[in-house]
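So the sequence lines, in the order shown, correspond to chains A and B.
Residue numbering for the first sequence follows my numbering, beginning at 26 and increasing consecutively.
Residue numbering for the second sequence follows my numbering, beginning at 709 and increasing consecutively.
Wrong hints could be hidden among the right ones.
[Said to hold, decoys possible] Dumping the calculated EDC-like pairs for lysine to aspartate or glutamate here, alpha-carbon to alpha-carbon at most 20 Å:
1. Lys870(B) / Glu674(A)
2. Lys340(A) / Asp423(A)
3. Lys886(B) / Glu386(A)
4. Lys721(A) / Asp783(A)
5. Lys292(A) / Glu793(B)
6. Lys167(A) / Glu931(B)
7. Lys296(A) / Glu793(B)
[Said to hold, decoys possible] From the derived model, a few chain A residues whose C-beta atoms are all more than 10 Å from chain B:
8. Arg194
9. Leu250
10. His414
11. Leu438
12. Pro452
13. Gln486
14. Asp508
15. Glu528
16. Asn787
Since the hints were derived computationally from the structure, they do not count as laboratory data.
In this text the structure is predicted, and so the values were computed from the model without any measurement.
C-beta atoms are modelled at their ideal positions from N, C-alpha and C, and glycine is treated no differently.
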Amino acid sequence: MMNQPYPFISYSSADSEIADQLCEDLKKHQITPWIYKINLDENKQWAKQIDEALSDSSIVLGIITKNYENSAGMIEFYAQISSNFNKADLGYIPLFFTQIKNVKSKFLKSIEGIPFKNYSEGLAKLIERLKPKEDSGILLSKIESPSTPNPFRRARAEVFGNDYLLIARAFAMPEKEKYDRLLEATPTIILGGRGSGKTMMLKSLTPEVQLYIKKVKTVRDLKKLGLNYIGFYFRLEIGSLLIYDNNIILEAGFAQSRQEFDINQYKTALKKINNLNYYNLKSIGEDPILSMGINAAWTISLNELNFKILKKFLKKLKELSQKTNPIININENIEKVISEKVSQRLNIQNVTKSSFNELIEFLDGELSLISSYLQELVLPYGAPKPIWHKTDIKFIDDIIEILKQNIDDLQNLNFFLLFDEFENLRPYQQTIIIEWVKTAKNFFPKISSKYEGIYTNLTLQGQPLQYGQDCPFPIELDYDLLDKRKKRNYQNFLIQICHNLMEIEGWNNTNITEMLPNFNEVEVPQKSIDKLIKEIRENAGLDYTAEKKVDYYKYLKNAAIFRLLKKRDIQKKFGKLKIYAGFKTFSLLSSGIIRIFMNLAAMSVYRAIDEGINVKLGEPIPFKCQSSAAYTVSKGWLEKIPENYDFQEYGLKIYQLIVDIGYILRQKLLHHPTEPESICFTLIDPSNLNKHKNQKINVILRYAVRESILYCRRQSSAIVPKSKGETKPKEYILNRIYAPILRISHRTQWNRNHISVDELKNLLNEKIRQKNLNIIIARIKREDTNVITLDEWVEKNNEE
Amino acid sequence: MKNSIIEINHLKNYKLNESDAIFICWASPEDRCLGSLLKLSSNYSAEKIFIITYSHKSTKREKNISIMKKKLDGRGIIEKILVDEDIPLPSFKLLCKRIMTLLYKKKEPIITLDITTAIKWHLLIFIKYLDSMDLLKSTRIIYTEPNDYSTNIFQPMSFGLKRIFPIPTFTGEYDFNKENLLILILGFEGNRAYSLYENIDPAKTILLIADPPYHKKWKGRAEFMNQKIINLVGEEKVKKIDARNPFKVALQLEEILKNKDYQNFNHFISPLGTKLQLLGLYIYLKTAPITTNLLYSVPMRHNEFFYSYGLGKTWEIKL
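In isolation and in its complexed conformation, chain A is listed as follows (with noise of 0.2 Å):
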């Protein structure tokens, strides 16, 4: 199964220098998700807690000093480690931080250990000894490499680039009512986190797409199959428009405003536009230099967009028009008609181009005038001539206009301008998109973006988008799992990709269902699991009826196994983890995210493989295979966080952050006597994320939600204050891939675990983090079940 080393520190509390040292380098290097530290002298209850963290471990470090040999609980100590060797998977390792010829003990120095003599050359024995056989971020690569005959290696849209009869036969259509509003004649946005599908959706809706989803040879026919839109696909990569980087907002409003180069002042207004966001887009009309600055950036990003966009239809155009099996008629007099009006449009009357190559050509002219003007004006001797043809606003609309009006197998059908990857653009450059979606008369934008990646919802001028009126409310791609109806939907979804990409594949059996079945069984013995519940209760000084024994075990159960899993005897014969799999598990365990889903399935199908598994004639893979592939992807994902260029510098904080809250739910499992299973907190006030002095955890926040690592719960099931004044708590579950590494239950069952901003930003300060994590620790277990829930306090408040 997996070899997750997982240690924990055995000190003298005389070297707790020595112990925070290396355990912070540890952590540096994602060795472990948390570290457990057992100081020998104080810890009263050493041998209990000792015994505790063993059986949660598989490598204990110990640092050996003088200090060490000499403290009190020593000897038994490593007796009592010793005596696990041969019972458990654990391993010892003595970090010598002392000569090895001066340990007076014969039993450490038979074991292979670490001189630390040199703490650098130490440390880097250890990382190395320390990391695990499998990486799982390499197995994750393994399973997405092209060369891998597994049909789930093709977890993003990207791998098929313009392959349109491999996406067409790869698209499965989400949910009607979601595709369907899709499709209506409005602007769309839609909102999903990594891997949910967005580009899979944009893409199906382009015309070489549609062709071979319906099976036919040109628009017209698809038009004759009640096809009423086109579309045309716009990624909004980084660097896809000219102006990503805000030095040449500085330099344009400093040209602009003819004031003096001043560094200072430079400086100060690239910081402050640095944190420009949707907040304070409207505060920067105090400032002249950034005022005049973004509205030169605007304009040209306006420029740019429309010159791109028309390439796009004309190159498009050109291509579906094509003489030899022609998607679209256009002949040569209809495309020097329009080449003409194109001209006119753009001003250009005196260079009448009559042909979409002239016209191409004239906008890669105007382009290379856009970037050689930019290139200028950050240039220390640069001369910035802004010579190109300008646009307006408008421009889009009536080149689409004329498009429509000249070509007939275009008419009747509404243009969709499909923006990938929204979150890319600047926010002044979101506000030109914005502008479209309230004022476009001839097209529909459909914008995909992140969570949280619109930063902006106003039109430069100020003007607000409003959902409902300009557009309808976003289309969200991520699945509520707590909702029965969209789990159903979004495990049917899965089922139908599989079977798309299992087909792709030339499989047998294509029923994913099939291929991952689920276990039944228990993977502990019921009797054990049964008196165990029996003892939680009476410890708890709770009634244990016979009667209501049912309702014990629906609520205990789980919690049940990770605790006997702790047990020294019920892992010699069972293991230490919990078994994941099926595919319902599985689906769950995405949390409504394809990717994740499709590298479970992926993983499985790569152990079975090694196993000898012929999966591709049918065989269901064995469910020990699940369930290590489970912990591999769920590993992989949790050690992406701190990679993810999106959270800026806040990746390893949001990484600690998980890993805090993923113990703190741990204890919870394992002590609660009534309701220990959860995968989520519940911020009790959140208003307090808007105070200044916690900007950089209400950021973190936001990020771990844009990025689906958190999922922000709609107000119907979060819990309340006392008082009806009081602003509402918020509650957050965690993505369920974490819970296999985190050895939490990935079902939410209780939400009643409390947390104030101020806790939560504790965590983030290494010097509390400790502390703070006790304290929070010590009262979730213990928490009162009598608290209200939001649920029932809007019953009894009667607010919807």
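Once you have looked at the hints, place chain B on chain A.
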């Protein structure tokens, strides 16, 4: 001599019996920033010496600056140029204007530019600025290789990813009709390369690995460190490029990218390899048939156990 790279044991004045007009070097926490200074010939001098340093505090860097000043004492007028690591453009622009003023009316002046510890994207911008003022032809570039890194086990050189951005002044004309091709010039920062790939999600990728590497004993190290990205992209997408000859690198880039399979793509190149490869990239970009975007990723932090130590070979390059 134009288009040349030669190994030097001592850094002498470019012209016999004549001071260089300007000597520019970067101060860094790495000992390598002292490289060329330790190899200065006894009579080396420059009329003006600029030591570029960064606003992020580092005790090690400050210590190295003191040594640099000592080594350069009496060899020219020294001036420290403080650059904000995140906002280099205005400082470089001012510095270049200063340089231009200093060189005013000078006949065939020589600038000696030690790039050993410059931040890669800063270096590209700085070279472009010199080029835009037609000063690159008067510049000789000095680069000192590391002897090795302070750990011999295969650990990541950096962790996490702080941000990705197109390098200012190196943005190409992106075409919405084309898919994206990511070209990664790989070094030892496997996670940085992998994160870039994950975040750009290109339709196609080419991986360029230095072969042969600086040192024979480094053979296979880049492949090992970049295992994840190699798996994801496929081994057949790995191509070899020179580790240290910028002119060869430029030709190899041209050779690889002129392939018609790659013509119909938006090119995104990310330089994660050596600085000499970076110079090769600059030469290639000057003649690139397809406008290219350069992407840079800033790691969250560098692995302090991976700092280079010792001095390897020193090269003199004329572009």
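Ascending list of hint numbers which this structure does not respect
none
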